[in-house]
Amino acid sequence: MASVSVPTDRRGGLLRRPSATSGFWSWFTTVDHKKIGILYGITAFAFFLIGGGEALLIRVQLARPDQDFLNAAVYNEMFTMHGITMVFLVVMPLSAAFFNYFLPLMIGARDVAFPRLNAFSYWAFLFGGLFVYSSWFLGGAPNGGWFGYAPNSVVDPTRGMTFYAIGLLITGIASTVSAFNLAVTVINMRAPGMTLFRMPVFVWMGLVVQLLLAFSLPVITIGLVELLFDRQFGTRFFDPASGGDPVLWQHLFWLFGHPEVYILILPAMGIVSEILPVFARKPLFGYQFVVFSGIAIGFIGFGVWAHHMFAVGLGPAANTAFAVSTMIIAIPTGVKIFNWLGTLWKGDIRFATPMLFSIGFIAMFIIGGLSGVTHAVVPSDYQQTDTYYIVAHFHYVLFGGAIFGLFAGTYYWWPKVFGRLLNERAGKVHFWLMLIGFNMTFGPMHVLGLQGMPRRIQSYPDSLGLTFWNTVASIGAFIIAVSILVFLVAAIASFRKPKEMEADPWDARTLEWATSSPPPEFNFEEIPVVHSIDDLWHQKYAETEGGRVVPVAAGGSGEAAAASHDGDAPGHGIHLPGPSYYPLVASLGLPLIGYGLIFGVGFAVVGVVVLLAGFFGWILEPSAE
Amino acid sequence: MASVGRAADAHLVDHPATSTGLPNTKLAIWLFLASDCLLFGALISTYVLYRGASIEGPFPADVFDIPYTSVSSFVLLASSLTMVLALAAIQRGDVGRLRVWLLATALLGLTFIGGQVYEFTTFVEEGLTLRTNVFGTSFYVLTGFHGTHVGVGILMLLTLLGLSFGGRITQERSESVELVGLYWHFVDIVWIVIFTVVYLIPTGNPPVAPGG
Amino acid sequence: MLQCAGLRCPPEATQGETGKVRRRTLLVLGSMALAVVLAACAPNATQSALEPAGPYAEKAHNLFVPVFWVAVAIFVLVEGLLVIFLVRYRHRPARAGIPPQVHGNTRLEIAWTILPTLILAGVAVPTVATIWDLAAEPQGDVLEVNVLGHQWWWEFDYPEQQIITANVLHIPTGRPVSLTLCAAGLGYEQPAPSQCQPGPPEGLPPAGIGDSVIHSFWVPALAGTQDVVPGQTNMLTIQADEPGTYPGQCKEFCGLSHKDMRVLVVAHTPEDFAAWVAGQQEPAPVPEAGGDVAAGFDVFLEHRDDGSCTDCHALRGVEGPEDVPLLANGGPDLTHFASRDCFAGCSFATNEENLRRWLDDPPAMKPGSWMPEYDLTDEEIDQLVAFLMSLE
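Protein chains in written order, with the working numbering: chain R, 60 to 684; chain V, 105 to 316; chain Y, 2 to 393.
Quick caveat, the hints were computed from the structure, so don't treat them as lab data.
In this text, a Cβ means the ideal position worked out from N, Cα and C, and glycines have one as well.
Some hints could be false.
As the list claims (entries may be wrong) - Calculated cross-link-like contacts (lysine to aspartate or glutamate; reagent style DMTMM-like; alpha-carbon spacing at most 25 Å): (1) R:556 - R:566; (2) R:558 - R:580; (3) R:487 - R:580; (4) R:405 - Y:80; (5) R:487 - Y:80; (6) R:405 - R:561.
Said to hold, decoys possible - To give an idea of the interface, some chain R residues facing chain Y are shown, with a C-beta separation under 8 Å as derived from the structure: (7) 124; (8) 132; (9) 133; (10) 214; (11) 316; (12) 348; (13) 362; (14) 397; (15) 400; (16) 403; (17) 409; (18) 418; (19) 445; (20) 511; (21) 515; (22) 516.
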């Protein structure tokens with residue numbers, strides 16, 4: 060590939076500086092946002108398979124009444140790990156994968172603001188995830204639910220919830236650091252002419268999500284520290300016998316937990332807002348309104364947390380306030396849906412796989428949104444809370460929403476990232492199987508909840524009359540599993556095709572399609588200069604006086620980056636930050652400190668030394684020479 | 105320390121000018137400090153929520169020695185002044201003075217930490233431990249968390265001092281001193297809030313401990 | 002065609018890919034509508050929130066139903082628009098060129114901001130009214146019951162009637178029952194005194210031997226949920242209109258046997274309720290000497306090194322050895338054990354077979370059970386079963 064000038068050997072560092080930018084080992088030292096994005100994607104998908112496996116085990120257990128396929132202890136670990144995995148180790152990092160890869164490309168930057176810090180975030184996330192999963196072999200997995208309500212999470216005699224607290228602290232550090240990094244990237248590293256209101260909606264949603272992370276994760280961090288201290292050091296934060304208040308945990312958890320919902324869904328909303336215009340061949344309807352509604356959702360998202368706590372006994376005044384704020388947040392959400400419909404209106408809609416998933420997203424998200432409004436009706440939420448109705452609701456939002464949206468993005472950007480298309484036929488099979496399986500699994504859960512099935516029960520007697528829909532849901536879960544298998548096969552098969560994708564296979568609108576597929580290490584030959592929103596589109600098409608849209612004649616300003624190959628080798632003279640061992644080393648200290656808190660201070664001492672060694676090596680190593 | 109790491113990452117060669125005109129590192133540290141505010145916010149909220157909630161003593165009024173803590177607070181605030189002087193020195197290009205003031209700042213910080221350790225020891229002797237009641241729990245974790253911030257700050261100051269001997273801190277690259285300074289001032293300001301909320305605002309203790 | 006039972010059957014598919022898209026979309030929508038229809042008339046769901054049996058549950062239901070139909074209407078409208086747009090504006094080879102680049106329409110934006118706001122305001126008004134209505138203290142002739150959530154069973158204390166029972170809550174019809182909800186059990190290290198515990202007599206251990214954690218009291222036919230939070234006293238009013246049995250279940254995850262923490266509410270006519278109260282106020286029947294029942298009583302009283310039944314369980318009106326009243330309250334009060342339909346968190350019917358299994362190894366039936374396994378012989382178990390079943 061291009062001869063990028065990467066610093067080679069240097070004196071004075073603690074370790075010999077790595078120099079490889081390709082090959083197996085380069086993945087461990089890379090600071091390239093694109094490679095880190097791919098690492099995030101692969102890791103998150105691996106966790107998706109594991110979390111999905113846990114879901115299948117849960118559905119086998121619940122397929123028939125009174126089963127003991129998983130005993131109560133294992134069942135509690137299973138639903139807890141399923142929740143932790145899907146939220147913290149799948150949807151968040153999968154979104155991070157897209158943000159890492161595409162935010163710099165879409166704003167015309169060469170990398171993120173702090174490339175080595177970006178690598179640190181990834182490794183810390185990976186080690187945090189592995190730390191949580193190591194609990195299966197070290198005395199039991201977390202078993203108090205992903206929400207870890209005290210005092211149950213404190214008094215539980217197994218080590219599980221200690222792993223939960225530390226593991227989430229580590230992944231929290233990863234996400235917070237990454238949030239600073241990406242937020243600075245978007246705010247500060249836009250190409251000339253890329254004003255805030257020329258940014259693609261996906262970039263906007265990325266910015267909102269990073270700010271949500273930066274301001275909600277600290278709250279759960281303190282909650283987790285308090286939980287950890289109660290468990291490991293005998294503090295009294297949640298101990299009613301000493302005057303502590305278990306409800307404090309709930310406030311801290313949901314003050315993070317509700318913004319978290321938007322952290323999970325806004326990336327998918329951004330992806331869909333990119334895909335719909337491309338495949339309807341129309342600009343996004345009401346761009347400013349979509350952007351502002353996203354900002355509004357992020358903002359109001361901090362003011363609705365207690366709607367998870369209507370039954371706690373906060374009193375009618377608090378319940379009224381949070382019912383009203385919850386209804387208010389439905390309004391900007393509705394605005395987004397109507398604008399997506401407006402984008403389709405009078406379009407020229409092509410049903411490629413990314414578009415199918417985007418449409419699936421809209422169709423399913425509407426259901427999740429509407430059932431969400433019924434929760435704001437507090438008296439009926441007294442009935443629905445902690446039942447399968449809630450399970451149905453948030454899976455319509457997080458699976459029907461986030462996962463469908465993320466798959467839409469996967470199909471859409473696969474050719475950009477890997478230079479090859481995913482098989483369209485397989486993609487359609489995947490989509491329809493997943494849509495059917497999804498609705499079979501989670502549709503009936505609305506009914507189950509209303510008919511009195513509480514959440515987190517390991518089994519149910521036949522006498523409750525819940526058997527039929529549980530069986531249907533379990534069958535649906537396996538249909539989803541088959542659909543994921545189809546994707547997996549198609550993904551692997553795509554690598555057997557030659558890497559010869561053109562720069563812009565979908566006739567798209569945003570800057571990432573202006574560079575080659577896959578993009579060179581330096582992203583753009585020349586930093587693009589942006590003149591309007593959907594800049595790439597305007598390079599390709601012009602509007603005549605009659606309002607008709609016609610292609611710009613060849614040789615115009617279009618396809619600037621893909622052209623110009625004469626003279627020097629491309630990329631000559633572009634300085635990029637060199638690869639580094641130190642992010643990996645520093646992040647390795649975190650799980651060691653975590654084990655130290657559980658198994659003895661020796662590990663922690665080693666962990667602190669490793670962490671500091673990593674940071675000092677990092678400081679002494681110039682980012683590029 | 106983290107901000108020093110970022111400082112080294114500061115510029116990609118192709119981005120001499122940023123979109124906002126602010127350096128990336130400065131933007132990042134402001135974001136970090138805003139986020140850190142919420143960490144302290146959550147801990148201070150915990151403390152305030154548990155104000156007067158302890159069932160058994162010792163209660164705040166039983167252990168606090170306001171004059172003593174006022175003095176150590178003053179020491180910490182004085183360190184902000186020396187930090188300002190350190191930055192001013194390097195911006196003039198005076199590396200010698202930079203070293204003096206960095207060291208002074210670190211020593212003042214260490215004095216504060218020493219004072220905190222002494223205070224904790226006294227409280228433990230008076231029967232207030234991490235486990236005694238929710239006052240002990242929320243007090244030690246909040247002030248200890250702040251003390252850890254001061255400790256990390258001292259580590260960053262000493263790192264700067266070390267780097268200055270390697271010739272890595274120059275007038276042109278004074279930004280890292282500025283960033284550490286921002287962090288240090290932040291930690292001081294947070295202490296003013298903690299000192300006010302925890303020590304100065306009287307708590308609604310039961311006048312007589314139940315049963316005693 | 003089953004799939005279009007709930008909707009008008011789709012017209013004959015148009016040619017090509019998009020026709021398939023539309024047909025499949027309708028098929029999916031159709032099956033979803035069918036699911037809803039089936040749900041409404043699904044039989045034998047005995048714990049359903051859709052069949053309120055008293056005024057408090059009805060208040061919630063009367064809100065849910067109209068909101069549900071409003072949601073259905075919006076669903077049909079929006080998903081309908083989506084499908085129409087997908088069909089109408091699908092790519093046709095015949096259509097040349099690129100569609101007009103419409104960027105938006107401010108009037109439309111304002112319209113679809115205001116319209117949902119109005120609908121939501123319409124929902125909010127009755128919602129808020131009902132929140133305050135349900136939170137109001139019940140007036141008139143109210144029966145008061147203290148409810149204690151243990152790991153993993155419910156204890157019911159009728160302060161006025163001087164009755165303590167477990168797992169099955171008996172109430173009169175047509176009369177509001179005000180429940181005071183408290184979490185029982187032990188705190189982190191020291192005992193957690195609970196504000197509404199029955200109050201153990203001097204010298205006896207406090208209520209509950211499990212961990213004090215959050216539970217949630219829920220009998221869907223009679224009222225919505227109220228959480229039971231350690232260190233906090235919550236109130237809930239329930240009422241049944243007709244005599245009958247109404248099952249419920251703890252909703253808040255509370256540890257290993259969360260699924261076994263069930264409850265049965267039995268509503269009687271006022272006369273029958275009075276009779277039930279009178280029966281419960283009787284002291285426990287002390288067996289006459291001889292036979293399995295008396296032998297079981299002896300086993301019950303027997304001091305064992307690994308703990309005796311009387312360490313945790315009360316038999317009111319009965320004195321044990323050395324004339325000590327049997328008033329321990331670590332586990333369920335057994336004074337009228339056999340009069341209850343179910344035991345062990347109301348997950349098992351009270352019968353000899355279940356009881357035998359239970360006494361043999363409680364944690365095997367209810368994982369994590371705080372009643373440990375005692376090495377009772379088969380004979381002792383038979384005798385205990387006979388004794389317990391005599392506690393009518």
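- Item | Hint consistency between residue 487 of chain R and residue 80 of chain Y [alpha-carbon to alpha-carbon, up to 25 Å] | holds (21 Å)
- Task: Using Cβ atoms only, decide whether residue 133 of chain R comes closer than 8 Å to chain Y, and label the hint accordingly.
- Result: This interface hint is violated because 10 Å lies over the 8 Å limit.
- Message: Interface hint check: residue 515 of chain R, Cβ to nearest Cβ on chain Y, cutoff 8 Å. Holds or violated?
- Response: holds (4 Å)
- Item | Residue hint residue 403 of chain R, partner chain Y, criterion CB-CB below 8 Å | holds (4 Å)
- Query: Has the given pair, residue 405 of chain R with residue 80 of chain Y, been kept, meaning a C-alpha gap of at most 25 Å?
  - Reply: holds (17 Å)
- Query: If you draw a straight line from the CA of residue 558 of chain R to the CA of residue 580 of chain R, is it 25 Å or shorter?
  - Reply: Distance of about 16 Å is within 25 Å: holds.
- Query: Taking the least C-beta to C-beta distance, is residue 418 of chain R closer than 8 Å to chain Y?
  - Reply: With a minimum Cβ separation of about 7 Å from chain Y (threshold 8 Å), the hint on residue 418 of chain R holds.
- Go through the hint on residue 214 of chain R and say holds or violated, using the shortest Cβ distance to chain Y against 8 Å. Holds, because the Cβ-Cβ distance from residue 214 of chain R to chain Y comes to roughly 4 Å (cut-off 8 Å).
- Message: Is the interface hint satisfied for residue 397 of chain R? The criterion is a beta-carbon contact with chain Y at less than 8 Å.
- Response: Since chain Y brings a Cβ to about 4 Å from residue 397 of chain R, closer than 8 Å, the hint holds.
- Message: residue 362 of chain R was flagged as interface toward chain Y. Is the shortest Cβ-Cβ separation under 8 Å?
- Response: violated (15 Å)
- Item | residue 400 of chain R as an interface hint toward chain Y, with CB separation required under 8 Å | With a closest approach of 6 Å, the residue 400 of chain R hint holds.
- Starting from residue 556 of chain R, check that the Cα of residue 566 of chain R is at most 25 Å away, please. holds (21 Å)
Of the numbered hints stated above, those contradicted by the structure are hints 3, 6, 7, 9, 11 and 13, listed in ascending order.
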